[in-house]
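Quick note, the sequences are listed as chains L and C, same order.
Okay, so the first sequence: first residue is 1 according to the numbering used here, each after it adds one.
Okay, so the second sequence: first residue is 291 according to the numbering used here, each after it adds one.
Because the hints were derived from the structure by calculation, they are not lab data.
Hints may contain errors.
[Unchecked claim] When the alpha-carbon atoms are kept at most 20 Å apart in a straight line, the in silico SDA-like pairs for lysine to any residue are as follows:
id	chain 1	residue 1	chain 2	residue 2
1	L	Lys116	L	Ser88
2	L	Lys116	C	Val474
3	C	Lys537	C	Pro351
4	L	Lys116	C	Glu468
5	L	Lys241	L	Thr52
6	L	Lys116	L	Tyr156
7	L	Lys116	C	Val487
8	C	Lys537	C	Glu373
9	C	Lys359	C	Phe538
10	L	Lys116	C	Thr498
11	L	Lys116	C	Lys566
12	C	Lys566	L	Asp154
13	L	Lys116	L	Arg155
14	L	Lys116	C	Ala488
15	C	Lys566	L	His158
16	L	Lys116	C	Trp499
17	L	Lys116	C	Pro471
18	L	Lys116	C	Leu569
19	C	Lys566	L	Arg155
20	L	Lys116	C	Arg567
21	L	Lys116	C	Gly481
22	C	Lys566	L	Lys134
23	L	Lys116	C	Arg572
24	C	Lys566	L	Lys241
25	C	Lys566	L	Thr52
26	C	Lys359	C	Thr344
27	C	Lys566	L	Pro114
28	C	Lys347	C	Pro357
29	L	Lys116	C	Pro357
30	L	Lys116	C	Ala570
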Amino acid sequence: MALLSRIGRGATDFSVPVDVGGSAPARIEVARLTKRFLTPAGSPFTALRNVTFTVEPGQFCAIVGPTGCGKSTTLGLVSGLDRPSEGSVRVGGREVHGVTKGVSFMFQADALFPWKTVLANVMIGPTLNGTSRKNAVALARDWLRRVGLAGFEDRYPHQLSGGMRKRVAMAAALINAPRILLMDEPFGALDVQTKAIMQTELLALWEQMRPSVLFITHDLDEAVALADRVLVMTSSPGSIKQSFDIDLPRPRGEVQEIRHEARFLELQGQIWASLKDEVQRAYAQTAGAA
Amino acid sequence: MSASNVLLEQAAPVESDAGIKQAARRAKRHRMFRLWTARLGFAVFIIGGWQLCTALKWVDPFFFGQPSKIWDSLMHLFTKGTEFGSIWDDIGVTLKEALYGFFLGTAAGVILGLLLGQNRFLADVLGPYIKVVNAVPRIILGSIFLVAFGLGTFPKVLLAAVLVFFIVFFNAFQGVREVNPNLVANVKVLGASPVQVARHVTIPSALTWIIASLHTAFGFAIIGALVGEVLGSQRGMGLVITQAQNKFDPNTVFAGMAIMAVITLVAEYLITMLEKRVLAWRPPSHSESAGG
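Make the full structure from the sequences, and use the hints.
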């Protein structure tokens with residue numbers, strides 16, 4: 001435990017309130033990562049096999065793959081919430097043991113505290129790393145203004161729309177100026193229009209702060225529109241099948257408009273050709289199992 | 291309202307805002323009037339029927355009491371007191387026992403529930419024992435407490451606390467188990483210590499369950515105190531009721547029941563107020579809004 005906290009402090013000093021963009025984005029190096037576990041029925045299951053990839057500092061990397069290919073497992077391993085069976089994860093040059101410092105997580109399901117107000121929800125990050133209440137409140141107010149929710153500080157999550165809740169979650173994830181942002185289908189449950197708006201807002205915020213992003217989705221359009229690089233995973237057991245560099249110029253602006261550009265469609269077509277086989281194989285696997 | 295009526299209303303010119311509000315108010319007033327008429331009617335039917343049946347001797351008032359006589363007994367209890375002194379002293383004794391038991395049982399239940407809910411190993415070790423003790427008819431423990439601790443307040447407090455404990459414990463335990471794992475993962479990634487996880491996630495999350503259990507728990511605290519007094523005591527409503535029973539006076543038994551029911555209702559109201567304050571964040575549920 002003592003060793004862990006020393007490593008954490010060595011990387012970034014989190015006892016000081018971090019200024020926006022104050023912590024440098026970190027490189028994520030995933031090497032020969034394998035994850036096996038026992039299913040509830042008692043049979044061993046390989047979720048990931050020999051996964052290797054690197055996310056450069058400040059890069060926006062999306063992972064697409066068929067359902068159940070171990071995308072979420074990968075995120076769990078990078079965050080340090082889960083341990084690999086074999087292989088290693090290095091963040092900012094240091095091997096991950098226990099929870100990685102300077103990481104924020106955003107889930108598909110709401111991870112807001114229903115019993116906290118919007119302001120208190122956004123404040124949780126600074127509060128946990130020991131920022132004084134006054135500074136945390138000021139920081140949270142600033143972030144709520146940035147995501148366009150000034151005036152909603154005292155509402156409770158159930159009083160907000162789905163898109164507004166996502167904005168709160170985004171502010172809560174970015175307020176600590178993370179080195180790494182892990183996103184697990186964050187917009188998966190939104191309707192199409194709200195999703196496009198949230199994607200555009202996420203891009204705008206990310207372009208200001210530039211943390212390294214690992215973004216999981218099964219929406220190929222979303223992956224191409226947002227990311228610098230798209231990794232395609234194979235069906236279970238998951239491994240990296242192919243990597244595509246997305247050379248669409250930044251800033252990308254409105255996500256809905258990029259979708260009609262020729263280069264977007266070309267890239268999207270290439271990636272879909274690679275993904276299609278895996279999706280079909282995953283479907284055959286589940287159909288066979290059922 | 292029939293379908294043709296609805297159609298007619300739609301065809302009519304658009305109502306003003308004030309008109310809509312007024313119509314809604316009128317509909318609500320009408321509903322409340324009907325509701326209270328029905329409620330009052332129900333009470334008149336039950337109590338009036340009881341009075342009638344006993345007055346006509348269809349049912350023997352010697353065994354089943356009579357509402358008018360129960361009222362007389364109530365008046366007698368409050369004006370003349372019991373044979374031991376003022377009725378208020380007896381109410382005070384029972385209430386004190388119930389409240390001490392309630393707080394003791396709740397505290398123990400919350401602490402143990404949170405502890406076992408978060409510690410799988412401890413829960414597995416103690417789980418079977420808790421099941422066994424829960425299966426024991428705990429009201430019988432009252433006899434043992436009485437023998438061990440005498441006729442004073444303490445054995446009643448203990449019995450009430452034992453009854454309250456299990457209700458609160460199981461709810462607190464379940465509340466911890468129902469915590470959203472995403473919330474826990476989220477604060478852990480942000481660097482929360484186990485204490486911070488408990489403070490920011492587990493305890494607030496379990497609070498919904500704990501407070502819901504307090505409604506039932508207070509009723510059980512009263513039962514614990516009363517049963518303790520019935521088993522043996524020198525003061526308290528339980529004693530007033532047993533004395534009346536020994537004198538074949540069902541009216542005073544019913545009067546004692548009514549007094550305790552009123553006290554429980556007041557406590558229930560206070561707990562509901564607390565619930566509204568602490569759980570202000572909850573979205574209004576249909577069942578609550580329907581309750582009015």
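Quick rundown of the hints versus the structure:
1. L:Lys116 to L:Ser88: The hint is violated at about 37 Å.
2. L:Lys116 to C:Val474: holds (15 Å)
3. C:Lys537 to C:Pro351: This hinted pair holds, its Cα atoms lying about 15 Å apart.
4. L:Lys116 to C:Glu468: The given pair, whose Cα atoms are some 18 Å apart, holds under the 20 Å limit.
5. L:Lys241 to L:Thr52: holds (10 Å)
6. L:Lys116 to L:Tyr156: holds (6 Å)
7. L:Lys116 to C:Val487: With Cα atoms ~14 Å apart, Lys116 of chain L and Val487 of chain C stay inside 20 Å; holds.
8. C:Lys537 to C:Glu373: holds (12 Å)
9. C:Lys359 to C:Phe538: holds (14 Å)
10. L:Lys116 to C:Thr498: holds (13 Å)
11. L:Lys116 to C:Lys566: holds (15 Å)
12. C:Lys566 to L:Asp154: holds (17 Å)
13. L:Lys116 to L:Arg155: Holds. Lys116 of chain L to Arg155 of chain L sits at ~9 Å (cutoff 20 Å).
14. L:Lys116 to C:Ala488: holds (15 Å)
15. C:Lys566 to L:His158: Cα-Cα ~16 Å, so holds.
16. L:Lys116 to C:Trp499: Since the Cα atoms of Lys116 of chain L and Trp499 of chain C sit roughly 17 Å apart, the hinted pair holds (cutoff 20 Å).
17. L:Lys116 to C:Pro471: holds (17 Å)
18. L:Lys116 to C:Leu569: Given that 20 Å is the threshold and the Cα spacing comes to 10 Å, the pair holds.
19. C:Lys566 to L:Arg155: holds (16 Å)
20. L:Lys116 to C:Arg567: holds (13 Å)
21. L:Lys116 to C:Gly481: The hint holds at about 19 Å.
22. C:Lys566 to L:Lys134: This hinted pair is violated, its Cα atoms lying about 28 Å apart.
23. L:Lys116 to C:Arg572: Holds. Lys116 of chain L to Arg572 of chain C sits at ~10 Å (cutoff 20 Å).
24. C:Lys566 to L:Lys241: violated (54 Å)
25. C:Lys566 to L:Thr52: violated (52 Å)
26. C:Lys359 to C:Thr344: Holds, at roughly 11 Å.
27. C:Lys566 to L:Pro114: holds (15 Å)
28. C:Lys347 to C:Pro357: holds (14 Å)
29. L:Lys116 to C:Pro357: violated (50 Å)
30. L:Lys116 to C:Ala570: holds (10 Å)
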